Amino acid sequence: MKQTISTRQCGIIMSLLLFANKILVLPSLLYENSKADGLFILLLLLAIEFGILMMFLKIKKVYPLLSFYDIITLHFGKIVAKIVYFLLFLYFFFKIMLIFNISYMYFHVQVYIDASYYIFIFIFMLAMTTSVLRGIRPLARGCEFFYLFIISCLIFSLFLSVANYKTFPLFIDSPPKNFAAGVFKYLFCFGDMMVIFVIMDKMEIEKNMVKKMIGFFCTSAVIILILCFMFYAAFGRTSFLYKNAISDIITFSYRFIDLGRLDIISILTVMFLSVLQLSLYCYALTECFMKVFSKLSRVYSIAVFDIAFFCIVVSSVVNYLEVVRIGESAVNYLAIFLQIVVPLIIFFISLKKRGKEDEKIY
Amino acid sequence: MKKFINAVKHTPMLLALIFILLFFFPSAITSPPESVSNPIVTAVGIDRNDEKQFEVTLLTFLSYPNQSYAESYEVYTCTGENLSEALTKAALQIGKSVSLFHVHTAVVSEKLLEEDITPALDYLVRVESLPQSCLLLATNVKTKEFIEFIKELNSQSDINLEELSFYNSNYISWEDTTIDAYLQDYYSPCRSFMMSYFPLVEGDINGIPLESSSSGGGGGSQSGGGASSGGEGSEKGSAQSGSKSASQGGEKELVNDGSELIIKDGKKVSILTRELLRGVNWFNPKTIGAELVLTDFTDENFSNAELVYRVNRKQIITNLEYENGVPIYNANLKLYVSLVEMNSNKDDLKKKHKDSYVSEKVREEIEENVKQDIMLVLEKLKSENVDILQIYDSFYRWKRNETKKIMKNLNDPSDFLKEVVFRFNVSIYPN
Numbered sequence: 001m002k003q004t005i006s007t008r009q010c011g012i013i014m015s016l017l018l019f020a021n022k023i024l025v026l027p028s029l030l031y032e033n034s035k036a037d038g039l040f041i042l043l044l045l046l047a048i049e050f051g052i053l054m055m056f057l058k059i060k061k062v063y064p065l066l067s068f069y070d071i072i073t074l075h076f077g078k079i080v081a082k083i084v085y086f087l088l089f090l091y092f093f094f095k096i097m098l099i100f101n102i103s104y105m106y107f108h109v110q111v112y113i114d115a116s117y118y119i120f121i122f123i124f125m126l127a128m129t130t131s132v133l134r135g136i137r138p139l140a141r142g143c144e145f146f147y148l149f150i151i152s153c154l155i156f157s158l159f160l161s162v163a164n165y166k167t168f169p170l171f172i173d174s175p176p177k178n179f180a181a182g183v184f185k186y187l188f189c190f191g192d193m194m195v196i197f198v199i200m201d202k203m204e205i206e207k208n209m210v211k212k213m214i215g216f217f218c219t220s221a222v223i224i225l226i227l228c229f230m231f232y233a234a235f236g237r238t239s240f241l242y243k244n245a246i247s248d249i250i251t252f253s254y255r256f257i258d259l260g261r262l263d264i265i266s267i268l269t270v271m272f273l274s275v276l277q278l279s280l281y282c283y284a285l286t287e288c289f290m291k292v293f294s295k296l297s298r299v300y301s302i303a304v305f306d307i308a309f310f311c312i313v314v315s316s317v318v319n320y321l322e323v324v325r326i327g328e329s330a331v332n333y334l335a336i337f338l339q340i341v342v343p344l345i346i347f348f349i350s351l352k353k354r355g356k357e358d359e360k361i362y
Numbered sequence: 001m002k003k004f005i006n007a008v009k010h011t012p013m014l015l016a017l018i019f020i021l022l023f024f025f026p027s028a029i030t031s032p033p034e035s036v037s038n039p040i041v042t043a044v045g046i047d048r049n050d051e052k053q054f055e056v057t058l059l060t061f062l063s064y065p066n067q068s069y070a071e072s073y074e075v076y077t078c079t080g081e082n083l084s085e086a087l088t089k090a091a092l093q094i095g096k097s098v099s100l101f102h103v104h105t106a107v108v109s110e111k112l113l114e115e116d117i118t119p120a121l122d123y124l125v126r127v128e129s130l131p132q133s134c135l136l137l138a139t140n141v142k143t144k145e146f147i148e149f150i151k152e153l154n155s156q157s158d159i160n161l162e163e164l165s166f167y168n169s170n171y172i173s174w175e176d177t178t179i180d181a182y183l184q185d186y187y188s189p190c191r192s193f194m195m196s197y198f199p200l201v202e203g204d205i206n207g208i209p210l211e212s213s214s215s216g217g218g219g220g221s222q223s224g225g226g227a228s229s230g231g232e233g234s235e236k237g238s239a240q241s242g243s244k245s246a247s248q249g250g251e252k253e254l255v256n257d258g259s260e261l262i263i264k265d266g267k268k269v270s271i272l273t274r275e276l277l278r279g280v281n282w283f284n285p286k287t288i289g290a291e292l293v294l295t296d297f298t299d300e301n302f303s304n305a306e307l308v309y310r311v312n313r314k315q316i317i318t319n320l321e322y323e324n325g326v327p328i329y330n331a332n333l334k335l336y337v338s339l340v341e342m343n344s345n346k347d348d349l350k351k352k353h354k355d356s357y358v359s360e361k362v363r364e365e366i367e368e369n370v371k372q373d374i375m376l377v378l379e380k381l382k383s384e385n386v387d388i389l390q391i392y393d394s395f396y397r398w399k400r401n402e403t404k405k406i407m408k409n410l411n412d413p414s415d416f417l418k419e420v421v422f423r424f425n426v427s428i429y430p431n
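So the sequence lines, in the order shown, correspond to chains A and B. Mapping to our numbering: the first sequence position 96 is 96, numbers consecutive. Mapping to our numbering: the second sequence position 35 is 35, numbers consecutive.
Because the hints were derived from the structure by calculation, they are not lab data. This structure is a prediction, so every number in the text was calculated from the model and none was measured. C-beta atoms are modelled at their ideal positions from N, C-alpha and C, and glycine is treated no differently.
Here are some chain A residues pointing at chain B (derived, C-beta under 10 Å):
| hint | residue |
| --- | --- |
| 1 | F122 |
| 2 | L126 |
| 3 | G236 |
| 4 | F240 |
Okay, chain A solo, but in the shape it has when bound (with noise of 0.2 Å):
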């Protein structure tokens, strides 16, 4: 029986999959590229994940039961279905390691700095596997067990950021071209999107689909905004020194020294996100892993998945500086492809073809 989902997992979903790489690195980057003014890339950069989401939207609604692969098969054929399948896994397995590096790298320093590689390695392989061989309910259910926990203590640690709030940030003071390179450049850290529209026919239609979409992407982005705008605020032109975001918002004051670790908060967010994260795109990898070797069940692509993830981050030719660095340059080509212009010419020709490809369908 095929597993389905309902808008609000689906929704919570796309809810949790946005935090990813924004509430850590992304600020401190940001920064570094146009000042404060990184707080207006990121604003476009999640306006341009709403116009996706939006696009997604239309798309279901005129194709309710298809898959996102059977619908560019349907209009451009099998073999650039599964190209652009092939480079949506490529793609995807990219944004596991960035997430995982980033991850590592922040529990490496806030929680256990002696903690070698291989645990991390160990756990994380470990939770993604195995929510991945349970199917997209389980995975599902879980996010949307710990969903109210995880925005929860994130408006907490924006509550408590307010202790540490200085002075309101400096825009519009860096050069209208870094904007638009910091555009580009960071476009790795979104397109979030896609995981969706992956798993777009297991996504049931119900009531309000859009209201309730658009309400899980706003909780989020607005989260966000705050976080950047709180992190500008309280570390001003030291920004770019601070690469954990929501734990350095909370805990840099040595007012709250004597307080002990209030960054546990954030800790537990980041964990739980990571967690659930990591197991999402992995599970969108091996849909595409699927659709691109159709005749390859999901325990060989989760296999292959954790050969090629072990051997990569083993063999330490990737590590956080080296995924960040592949990020900005050649990622960002592949993320312009694969998050705008896909989607816009699937948007597109959806709506042109809308009645005739109803009929065929139905």
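Using the hints provided, position chain B relative to the given structure of chain A.
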């Protein structure tokens, strides 16, 4: 057994749990606590020795079981061509890998401040995990001597460095005197910062002395370290450094008179005395409780009296504008004062004036005093070319285009301060 195998088959997470327990539980149980493998460094001193080598001093809490409640602190000093070498040597000396996560206070010497200290701080923050929120202060002696003095002082009197610098940072300084605040100012256009200054001075100067009884040695244990304040006094000596520091610091006293060092480009420019700092702090909303002394005061109720007023509340409204291309800094300062002390003759005292006594003459004199304070410090800052009040930043933030125009004719944002005309309006109200 069959049931168990079936259960495991249907719930692979159970298998994973068993796997985790087998691999990680024994090592987690048997691994020693981090405090055994890492010393807890609560204060760090950075200095240069006579051979121009880096000298790092660590005030370190070493945890080991004992039968008293006293915490054992030690001072370790190591030198090296660079900070990495010095810290590596410190680890060899202590026998534990040094981590600076728990440092609350970083001390630099005036000698080190002859060069830009930012590379050293940057290294400690980026590589050695020195918290940027830790307090940063300067002293006139070698940091080794200073930290040993502080260790002794703490064991004798519960006065600790963190509380002293915390108090200054909260009530005396223009801004938080943390490493982050330093770096914020270092990366600002004017690159100027004010750092807390705690000199050790010889002689009886009404500073904070060490008790002479301790000079015989035995001050190795202390109750608070850099972190806490309660507890026992010196009970026993791991006298390695205790007697040494007492002999070194016995003749000296710690002076905390609220003076600060002006730092520009990471180097010391000059000392801002407490009197001059008063002028700065009239702009500073967080400093309250300043005293205003009117000497030889005479009006209809007093004759040749000395009146002390305390500022209980103040309100500062600033307005920045340009007049014919000249930057004008308008500040409206409202002070809510109360009369707290009267040194006057018997007749004056008999009148039992209320603490809200503010006559027209009082107003005039206080206004004059405040303006005098401000003009003195502004003259000093202009002559030193240091914009610690971030005046340029304020103009750039609120009047960007006009400020950019002026900057075309100036070499450095620090020069902007000289162009600014200050206008003050001081109003005095009884609290």
